[in-house]
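A.B. asks: Got two chains here, separate frames each, mind docking them using the hints?
In order, the protein sequences belong to chains L and D. At position 17 of the first sequence (counting the first as 1) the number is 17 in the numbering used here, and the numbers step up by one without a gap. To get the numbering used here, take the position in the second sequence, counting from 1, and add 1000.
Any given hint could turn out to be false.
[Said to hold, decoys possible] Below, a list of computed lysine-lysine pairs in the DSSO-like style, where the Cα atoms sit at most 27 Å apart:
| hint | chain 1 | residue 1 | chain 2 | residue 2 |
| --- | --- | --- | --- | --- |
| 1 | D | 1077 | D | 1060 |
| 2 | L | 9 | L | 57 |
| 3 | D | 1056 | D | 1077 |
| 4 | L | 14 | L | 44 |
| 5 | L | 9 | L | 44 |
| 6 | D | 1060 | D | 1103 |
| 7 | L | 9 | D | 1103 |
| 8 | D | 1103 | D | 1056 |
| 9 | D | 1068 | D | 1103 |
| 10 | D | 1103 | L | 57 |
| 11 | D | 1056 | L | 57 |
| 12 | L | 57 | L | 44 |
| 13 | D | 1103 | D | 1077 |
| 14 | L | 44 | D | 1103 |
| 15 | D | 1052 | L | 44 |
Derived by calculation from the structure, the hints in this document are not laboratory data.
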Amino acid sequence: NAGVTQTPKFRILKIGQSMTLQCTQDMNHNYMYWYRQDPGMGLKLIYYSVGAGITDKGEVPNGYNVSRSTTEDFPLRLELAAPSQTSVYFCACSPLSGGSNTGELFFGEGSRLTVL
Amino acid sequence: GDSVTQMEGPVTLSEEAFLTINCTYTATGYPSLFWYVQYPGEGLQLLLKATKADDKGSNKGFEATYRKETTSFHLEKGSVQVSDSAVYFCALSVSNYKLTFGKGTLLTVNP
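Okay, chain D solo, but in the shape it has when bound (with noise of 0.2 Å):
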């Protein structure tokens, strides 16, 4: 089946350090990947996409590029904030409207 396997947490940085979380998944189709971020004691929200291989999502300062050939979507960002703690989850969809998602990456940055 369809699974997201995305780095364990919980990660800490320093404010303004390079920040990756690796994501990779597998698929029985062409997925879309996403990263969705959740603030202390809030819902999800979508961060960014990618529909097709090569394509770069970005938002906040924040990039991804869907990576077919490694199957991977790593999610990065060149200088990381306090106001970026949270928690980080990577998810494809294959069927055109169910999500899988990974466990999630807690990101926590300090000043």
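For reference, chain L alone in the conformation it holds in the complex (with noise of 0.2 Å):
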């Protein structure tokens, strides 16, 4: 059983690029959220989506995008690279119990974004 599986785990990119870093889980849940790692800033949420089709803006949204097409993938697109974008990118997904979250998330390993 993979969990939540993120890709690539390291890159880096300079100024201006493109990216999508690809997440995909297989335990089925219907939450899904993209965190960013900041050394001595804790975690901080881009973007959630809480069922295929459905996705919505966190606490630092600016400069990328999402999509949920399917219940298995949550893809985070960086238009733009700036160097503010340099961290370590988490993608998690949390179930439902009893029809409410149950607010336990699974992380991946992380992706590493360094900008030049």
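C.D. replies: Shown next, in the form of structure tokens:
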């Protein structure tokens, strides 16, 4: 059981380039999230999705886009990379229980992105 | 808005020492509270949780009690091991599907 799989694990981008961080989960969870982790700053929510076809902004959505065409996949798109987007990105998913989100997130191993 | 404040690190302890990592929160509603742990090079994983006042979450020798009167959820362990070295995050959820995380506390346990 793979859980949450993120690719790539590492990437270096030049300013202005675009890329997509891939996230796939095989847990059949409804909720999916993208967080960024900066040193000493904890995790900030970028975007989240409560189900296929539904996405919404988190705390720090500027410069990013997402889509959720299937339950399994939740890619994060960076259109014009900037140095401020240098960070570690985590994808996570969360199940429903009794019609409510449990609050327990299952995380991928992270994608370290450097923008130079 | 909702927020979590946890003790600044890093925390360095010797093996078998007692651990406390303080966590306090501010929430507009009635939150569920969580502790997550991140081992080096890995994603976060849930350590324990509590969903109502006076609940005690526990796992792997770690404990935390939901204290509504002091808006706190301090993490404790009676005897830490080298393998407990990690970053610990306190978190809360009010909206039922979004978590707000603290900044994390790095714990290093020396043999």
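A.B. asks: Now look at each hint and say whether the structure bears it out.
C.D. replies: Comparing the hints with the structure gives:
Note on residue 1077(D) and residue 1060(D): the hinted pairing holds, with a Cα-Cα distance of about 9 Å set against a maximum of 27 Å. Between residue 9(L) and residue 57(L), the direct Cα distance comes to roughly 24 Å. Compliance with the 27 Å bound is thereby established for this hinted pair. Proposed proximity of residue 1056(D) and residue 1077(D) is supported: the alpha carbons are some 13 Å apart, at most 27 Å. Taken as a hint, the residue 14(L) and residue 44(L) pair is honoured in the structure, with Cα atoms around 23 Å apart against an allowance of 27 Å.
The straight-line distance between the Cα atoms of residue 9(L) and residue 44(L) is roughly 19 Å, inside the 27 Å bound, and the hint therefore holds. Between residue 1060(D) and residue 1103(D), the direct Cα distance comes to roughly 22 Å. Compliance with the 27 Å bound is thereby established for this hinted pair. A threshold of 27 Å between alpha carbons decides the hint, and for residue 9(L) with residue 1103(D) the separation of about 23 Å falls inside it, so the pair holds. The straight-line distance between the Cα atoms of residue 1103(D) and residue 1056(D) is roughly 22 Å, inside the 27 Å bound, and the hint therefore holds.
For the suggested pair residue 1068(D) and residue 1103(D), the alpha carbons sit about 21 Å apart, so the restraint of at most 27 Å is met. A threshold of 27 Å between alpha carbons decides the hint, and for residue 1103(D) with residue 57(L) the separation of about 21 Å falls inside it, so the pair holds. This hinted pair does not check out: residue 1056(D) and residue 57(L) have alpha carbons roughly 33 Å apart, beyond 27 Å. The straight-line distance between the Cα atoms of residue 57(L) and residue 44(L) is roughly 11 Å, inside the 27 Å bound, and the hint therefore holds.
A hinted pair counts as satisfied when its Cα atoms are at most 27 Å apart, and residue 1103(D) with residue 1077(D) qualifies at roughly 20 Å. The straight-line distance between the Cα atoms of residue 44(L) and residue 1103(D) is roughly 10 Å, inside the 27 Å bound, and the hint therefore holds. Between the alpha carbons of residue 1052(D) and residue 44(L) the distance comes to roughly 25 Å, so the proposed pair stays at or under 27 Å and holds.
Taken one by one, the earlier hints fail for this structure only at number 11.
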